[in-house]
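Asks: With the sequences and hints as input, model every part of the structure.
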Amino acid sequence: MIRRPRMVRSQRMTIVNAMLVFVALIVILQLWLLTATMNAYLGGDTGTVVPAALGSLACLALNAGLLWYLFDLDS
Amino acid sequence: MIQKQRGGGDARALDSATTPPDGRPMAEQPKWRRDFPIDWAQDEYVSRRELVKFMVLTSAAFTAGQFWILFESVFRRPAAAAPGVAIATVDELPIGGAKTFTYPEGSTPRLLVRTGAASFVAYDQQCTHLLCPVVPAVELGRLHCPCHNGWFDLETGRPVAGPPQRPLPRVLLDVRGGSVFATGVEESTT
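Residue numbers (this note's numbering), protein chains in the order written: chain W, 3 to 77; chain L, 7 to 196.
Derived by calculation from the structure, the hints in this document are not laboratory data.
A virtual CB, placed ideally from N, CA and C, is assigned to each residue, including glycine.
Hints are supplied without guarantee of correctness; some may be wrong.
What the hints assert, rightly or not - Cβ-to-Cβ under 10 Å is the rule here; a few derived chain L residues that face chain W: (1) 50; (2) 66; (3) 79; (4) 175; (5) 178.
Claimed, not checked - Stretch-level coverage of chain L by chain W, calculated; a stretch enters the list once three of its residues show a Cβ under 8 Å from a Cβ in chain W: (6) 148-155; (7) 158-168.
Replies: Have a look at this one:
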């Protein structure tokens, strides 16, 4: 089994910064999705609710994957 | 600090980036910094890592909000249909005439407009932009909101000009026996 060389702190720092940007973008996207869905739902349009929930779940899965990678980076 | 405890001496040997912010050797640093030598790079790394965790938690909260909306839309009990209520007589309104009423009792004002010999339409009177009362412009086939010059189609209630984006909620009508009955309200405003 090939063991991945441990990265030094400066390399990890770069990765964490990049992840922070990705996660922030996804969270902003989710915020927009939530407000748009709430607006449509309160206006009586329920057709967007299911796709929006699935989209938000996909965003969460992406964020969780990035966080898992972060834990993997530290271990 | 967490990393220091977990990683022990090995991590410190690999990560020898700890230097004071001004780059001078520790011997030249003020006494308070020598007494409390913060691991600056480690501190920045941990704070960003903690921020990522917090943002993922925020992401989970947004997803929970989306599923709450989904739950509400699936399990929301439909409002009980209000019984038909006589709101006007046919002879009461001339063609092009209008009248305000409430339906169901205690609702926001509704607007009944007679558009022909036997045709009536009724909508919520509040503009879907900023809730100003709309007034009928029957000769133009529209409803007008004078506050911000919004226009709605008289036959469908859909916005045709100005700032409003959503149609006016429509009151369902039934004309029988010389009277006009309100029988329901279309909740959908999209």
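Asks: Could you run down the list of hints and mark each one as holding or not?
Replies: Now for the hints, and whether the structure bears them out:
1. Against a cut-off of 10 Å between C-beta atoms, the interface hint on residue 50(L) holds, since the closest Cβ of chain W lies about 7 Å away.
2. Interface restraint check for residue 66(L): the shortest CB-CB distance to chain W comes to about 6 Å, inside 10 Å, so the restraint holds.
3. A cut of 10 Å between beta carbons decides the hint on residue 79(L): the least distance to chain W is about 5 Å, and the hint holds.
4. For residue 175(L), the interface hint holds, the least distance from its beta-carbon to any beta-carbon of chain W being 8 Å, beneath 10 Å.
5. Because the beta carbon of residue 178(L) sits about 15 Å from the nearest beta carbon in chain W, more than 10 Å, this interface hint is broken.
6. For the region 148-155 of chain L, the assignment as covered by chain W is violated, since 0 residues bring a beta-carbon within under 8 Å of that chain's beta-carbons and 3 are needed.
7. Counting residues of the region 158-168 of chain L whose CB falls under 8 Å from any CB of chain W gives 0; the rule of at least 3 is not met.
Of the hints listed earlier, those the structure fails to meet are numbers 5, 6 and 7, in rising order.
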